[in-house]
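Put the two chains together into one complex, using the hints given.
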Amino acid sequence: MKKGYKGIVLAAMTVASVAALVACGTKSSGAKFGLITLHDENSTYDANFIDGFKKACDAKKVEAKVTTGINEDNGCYEAAANLVDSGCKGVFADSFGHEAFIKKAAEEFPEVNFGHATGTSSKFANISNFHNAFASIYQGRYLAGVVAGMKLQSMIDAKTVTAGADGNYKLGYIGAYTYAEVISGYTSWYLGVKSIVSNVTMDVTFTGSWYDEVKEKNGANTLIDGGAVIVSQHADSMGAPSACEAKGVPNVSYNGSTAAKCPNTFLVSSRINWQPYFELMIDNTLAGKSYDTDYCGSFADGMVELTDLGTACAPGTAEKVAEVKAALIAGTTHVFDTSKFTVTVVPADADGKNGKNTAATVDADGHLTAYAADIDGDYAPDANVNVVTNGHFDESNASKYRSAPYFDIQIDGINLLNVAF
Amino acid sequence: MAHENKREPLFHIVKRMDIKPGAKVGIKVLSIFIGLLIAAIFVVALSPKSNNFFGFFGSMASGVFSTPRRFWKYLLEAALLLGVSIALVPAFKMKFWNLGGNGQILMGCLGTCVVMFYLGGKLPDPILWILMLVAAVAFAGIWAVIPALFKAFFKTNESLFTLMLNYIAAILVGYTISSWYPKGTGSMTPLTNGQLPIINNTPFGKCFLPIVLFVFITTAVALYLKYSKHGYELSVVGESENTARYIGINVKWVTIRTVLFSGILCGLVGFVLSGAINYMMSTNMDSNMGFTGIMVAWLSHFSPIVMVFISLFIAFITKGMSQVNEDFGFTDENLSSVITGIIFFLLIASEFFVSYKIIWRADAQKVVDKIAFPFVWVGKKLSPVFEKIGNFFTGLKLKLTKGGK
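Just so you know, the sequences run in chain order A and B. Counting with the numbering used here, you get residues 6 to 426 for the letters of the first sequence. Counting with the numbering used here, you get residues 189 to 593 for the letters of the second sequence.
For reference, chain B alone in the conformation it holds in the complex (with noise of 0.2 Å):
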């Protein structure tokens, strides 16, 4: 019998059944900490100048916290990239793959663009302000709810659809920039008329409205999707279309209406980026936040106070990463994309050791031993710290779902 000869594959892997909140918090913390280790080890071997191992990490703290400009402009990168993820969530959680993001958000500074420039000083600031807003939500929703439409009636790809979009979205408002500045070289002046307010001139002044209209939003839509009538059937639609409609939901509509409001959060951000942040739009404005988006909003599965910790974290990467190229001496950027993927890259592969476990041969098992005792014996001197933060938020989840569904 060949089979008898086999022998043992060398792993194999299972799915785990029950992971404590604290392994799970070690895990993630494990695979952030060694994606920075490759990161610095990358950075310190490539740097043409010669800054040490530990300037690496001092680097990216300087980069976030050194002054208060790149503090509040931290949190604010870190606000704008939870609205958009945020926005993505109804959507995502209707099963309606939302690519779009970053061409609903040009959409949203494009229609906050128009207003200004046609209507700026022909009408007082606040009402400019208003309808500045109602530009942007239409603007982005009607970008939205086309692919709506179509999915929902001709059952079209949306994920090809919204995609697509993007380019359209980009391309118009290049288009509207070289129809009003006929001359150029594509690019815009900031606009002076119908700038939203700010508390004062100082970095926090000018961050500060944008952070907490975000948090609110979040807290907003998180209620929503929790609490709501609304909420509960895009997640019927998600779950099954056909059980959606047997309990007499209009599937059609619940899709409309569910990417609508995701185009529309997405909508406030081009809101806010042109109207109280940049005064101006560009073709690349949206950062491709879009895309980003997914991936906070797919790391939290859907928890916005997850949420919230990832996009500071993401934040943290690009805002330090930037400060590390110019510290090092870089002038390459495919090198920072590089390293910034690494880190992403480990932060999305824990997910797996998270849902699963690997179990190595015996003979194995004795090598991975010896190779993982640096990290065991930390990881089991941290574990009470891991626990603490697991139960925090099993907790919060919780007493977030109680009353719900």
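Next up, chain A with everything else stripped away, as it sits in the complex (with noise of 0.2 Å):
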């Protein structure tokens, strides 16, 4: 009877064996890369940067190892000195609020290169292996307006949707935080949908957080009870395209497809695809070269790209998309011209208080002139800086200014319903 057991028991480990001995055959070797998110694969946002992270590190045959759930906070820190106990050789951080904690990181470990993305201090940092990347996304933005602004025609067109009493029609935007990223990405979209169709005003909402599925949700229903015909956000959760698809409103995203869940509704999505910037921190790793503390990608590089349209796009879209990106890339169309949008400037009160876009210039026309815009990341604009060259403001030109958008006016047309920072 017992014998029994035995058998069963040395089987048993005559499998496990043979498949640790199997399992060992296939692990990989070479060297290691790090990767820091803030959320896990759950968030648009940082499954974009996790797909991205391990496309590049199987292309270039490295071992790929990720963080996930790191918070903006000393723990960042702690997962960045980890990573590199672990044997990574470059490390890489998603979020905005880690860079104080990368920065910290690239000090204590200068053999170690560490990236950060839509950081804003490595301009001024002067570490060597500390770097900031971002890409034009506004650009991408300004194309899924393109989207956005045929379909708006399209519905105008067939009598579905009625412009407001002032004449215009209603756009809606759920942003995370009311800082330039946000801001830069809402205005880009805002104006691509103004190229076709030029009575349209927007509500914006702020959630005040990066990833809050159920405020991104109750966010674009106020919206769309407020009258918006068209949707999108900058926020990570499938709250507010889920929220479109029930009300059967059209939804722009960002940083992934949601046509899987949203198939009546999804437009488009801009998208920033890092893949390219990571095969370029790994292979200036292994070759032991310095690359730029700060790059901004393009259409050019690939960083920037718009997904497949969804099924719910006007017709001819696609070839006015086409156009409208050449146009971009031949620098033909800029993204904020200034001729395309007023600015409306409210000096700030003897406390320094209630100001608006305290740092512009605008002539009589309210179109813009100068801006004194914020590189340093101090929250305060830089006097001596002026972005607005040739008629547009020059956004993300990380080879004169940095990569991380600064793009922070509140232009006439867009309204804000709340504020979160």
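It is worth saying that the hints were derived from the structure and are not from the lab. Please note that a few of the clues may not be correct.
What the hints assert, rightly or not - Computed far set for chain A versus chain B, every beta-carbon distance over 12 Å: (1) G35; (2) T42; (3) E68; (4) E77; (5) L88; (6) K108; (7) M160; (8) A168; (9) D171; (10) A292; (11) H339; (12) A355; (13) A385; (14) D387.
To be verified - Short, incomplete list of chain B residues facing chain A, as computed with Cβ under 10 Å: (15) G308; (16) S347; (17) G362; (18) T364; (19) L384; (20) N388; (21) N389; (22) G393; (23) E521.
Each residue gets a CB set at the ideal place from its N, CA and C atoms; glycine is no exception.
Next up, the structure:
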């Protein structure tokens, strides 16, 4: 009787050891690279990084080490140090608030290259292994706005939407935080729509979080109830797209297609494809070469992309997108063409409060002529900087200013329902 | 007669009247082992990378032991958890269910950071340190004493009250950060003034003092509970308020005093988190230790010595699992939460088998015997070891209780 057990145990042990041997054979060797993400793959924003990172590591035959769920606090430094302990030659973090801690790690581990998305300080930090990277996603957003504009025009032609009392059609946008990256994003999307349908206004609501499904859903419903006929968002959950799907309102997404879950309302999504940048980081690190501490991707290097168009898009959209994209690349069309929007400047009162767009200089018609953007990341205008050149606002110019967006003007026609920092 | 036709039930459960210390240890070790085994099978089956079965245990160990930084960070994490657990014990012994550990830790962080932010650079650091400590203790103490006052005077439910205060504390921290950094994304950069001293800039040097602090606090609280009049009073209040009143204990005062003490100790954890480790605060700096600490306190039956081991074990699982995630290529946190949950669940479930015994129907017993054979065999082989560990704990307990009540 006892023999039977021994047989089973022996068999189990044999299977386990064979499995172990087989598994050992396929283990990858070589260098390791680390990625730190704010949330996990359930967030569209982080999934976009994780996806690009894994692809880049596979392409370059290095091992990918991913640490998810790292908050924007000192835990980010600990995670970075831990990845260095794992043997990573390069470490990249994906969230804006990670920056100070990645910088701290870069100072401590000079032999490892550190990178950070959307950050603002590498230009001034003078730490050769501390890198910022972003992409001129405002161009992608503008293009996504063109797609939405085409849809809106088709809805107007089909008389399924009506203009408000002021004669304008209303758009809706859910943003995470009221700061430059988000402001630049919704303004470029709005201007993209406006380039097709001139009489549009937009309501924007903020959630104060990068990922809050309930708030994003409620935000979308508020906007739709307030008359928004097309909605877009800069927040990472499925909250807004699914709310739009439920109400049949066309939606423009960010950082990934939501076509699978929202087949009837998904129009398009602009996204940053991080794979080219990760490959650049891996190549240079392995070669022992130093590379730009601030890098801005574009259409040209494949970092700015649009996903496939959704089935809800208006006919002729693809052709229009190709045309506008060519013009953006050629530089004949500028997203922030100052003749296309107006700005209202309200000087600050005696306490330095209640001002609006105080860093802007405008002409008699309200068109922007000069703007002292905040480039050094201290949230105050830099007096000696003017980012308006040749009739447009020069956004995300990494060679001159920085890759992270600095367009934080509240232009006319966009109405903020609330603010959140 | 109907009952005569009825078959004997498959099994019935009896309370164990007397369990050998060795068997107690054996049951716990076995359940942890089964938990790890299930976790390993889960991880290997679901991993997108082809790591082998034993790699799971390798990763667990390397997450904790492979470099000095990992080792010291592991000890620090265990020490912090121990600090929170021991903070909860006085209240729990009094049967005051303080579920507000998270909030009290956060208030400690807030107090510390307020001093660092407003007075940093204006006063010499040693004075700052004292003020930080005072503020942390005061903030957290107030946070704990509010529900205690309500409980003492209005008989409100302390579980709900303390639980809700957690959310208010987190929102207060978030609000303070956004008022300090009005145009950011709600995160704070490390403060440079008022950083508590470290031995040197190595992982050991950064972690050692906080570890020593919490070991000291744990010892002090254990002695306080065991030998002081206060410790006796609060356990009487916990057993029966009427008895306490009858023998002349001021129940209201003891409640308030004990909960205040509990909150102050949580505040100390916040003080260390913000002043000695992170030099900043965030709305989730408590890392949920207020809740994990409850598990530690409960599983150890409030015995400080056992608490040390449970803290070390839980920190091992958390640190180890995060390394497993990295090594096995998991990018979905839900998965690792489930696996950690399985391990903890089995550890908690072992409590049941320590207190109760399952008696199987005779025919079922034969099947159970067959299935359990390998475990029983291993258990028998290891029983002298378990016996020794069990006797060690019993001996310690006796030593500690001697001279007490």
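Quick rundown of the hints versus the structure:
1. No beta-carbon of chain B comes within 12 Å of the beta-carbon of G35(A); the shortest separation is about 14 Å.
2. At roughly 8 Å, the least C-beta separation between T42(A) and chain B is not larger than 12 Å, which violates its mark as non-interface.
3. For E68(A), the condition that its CB be more than 12 Å from all CB atoms of chain B is violated, with the nearest at approximately 9 Å.
4. Taking the minimum C-beta to C-beta distance to chain B, about 4 Å, the non-interface status of E77(A) is violated against the 12 Å cut.
5. With a least beta-carbon separation of about 8 Å from chain B, L88(A) fails to lie farther than 12 Å from that chain, contradicting its non-interface assignment.
6. Non-interface call for K108(A) relative to chain B: violated, since the shortest CB-CB distance, roughly 9 Å, does not exceed 12 Å.
7. Even its closest Cβ contact with chain B, about 34 Å, leaves M160(A) beyond 12 Å, as expected for a residue assigned away from the interface.
8. Distance check on A168(A): its Cβ is at least 35 Å (rounded) from any Cβ of chain B, clearing the 12 Å threshold; non-interface status holds.
9. At roughly 31 Å from the closest C-beta of chain B, the C-beta of D171(A) stays outside 12 Å, upholding its exclusion from the interface.
10. Against the 12 Å criterion, A292(A) stays outside the reach of chain B, whose nearest CB is about 25 Å from its own CB.
11. Chain B leaves H339(A) outside its interface by the beta-carbon criterion, the shortest separation being 26 Å against a cut-off of 12 Å.
12. The Cβ of A355(A) sits about 19 Å from the closest Cβ of chain B, beyond the 12 Å cut-off, so the non-interface label holds.
13. For A385(A), the shortest C-beta to C-beta distance to chain B comes to about 9 Å, within the 12 Å cut-off, and the non-interface label is violated.
14. With a least CB separation of 14 Å from chain B, D387(A) remains clear of the 12 Å interface cut-off, as annotated.
15. Violation of the interface hint for G308(B) is found here, the shortest Cβ-Cβ separation to chain A being roughly 16 Å, above the 10 Å cut-off.
16. Nearest Cβ of chain A to the Cβ of S347(B): about 25 Å, over the 10 Å cut. The hint is violated.
17. Hint status for G362(B) relative to chain A: holds, with the closest Cβ pair at about 9 Å, below 10 Å.
18. At a threshold of 10 Å, the smallest CB-CB gap from T364(B) to chain A is about 12 Å, leaving the interface hint violated.
19. With a least beta-carbon distance of about 14 Å to chain A, the hint placing L384(B) at the interface is violated under the 10 Å criterion.
20. At about 14 Å, the closest approach between the beta carbon of N388(B) and any beta carbon in chain A exceeds 10 Å, and the interface hint on this residue is violated.
21. The interface hint given for N389(B) holds, since its Cβ lies 9 Å from the closest Cβ of chain A, which is under the 10 Å cut-off.
22. The beta carbon of G393(B) comes no nearer than 13 Å to any beta carbon in chain A, farther than 10 Å, and the hint placing it at the interface is violated.
23. With 10 Å as the threshold, the beta carbon of E521(B) comes within range of chain A, its nearest partner Cβ sitting at about 4 Å, so the hint holds.
Of the numbered hints stated above, those contradicted by the structure are hints 2, 3, 4, 5, 6, 13, 15, 16, 18, 19, 20 and 22, listed in ascending order.
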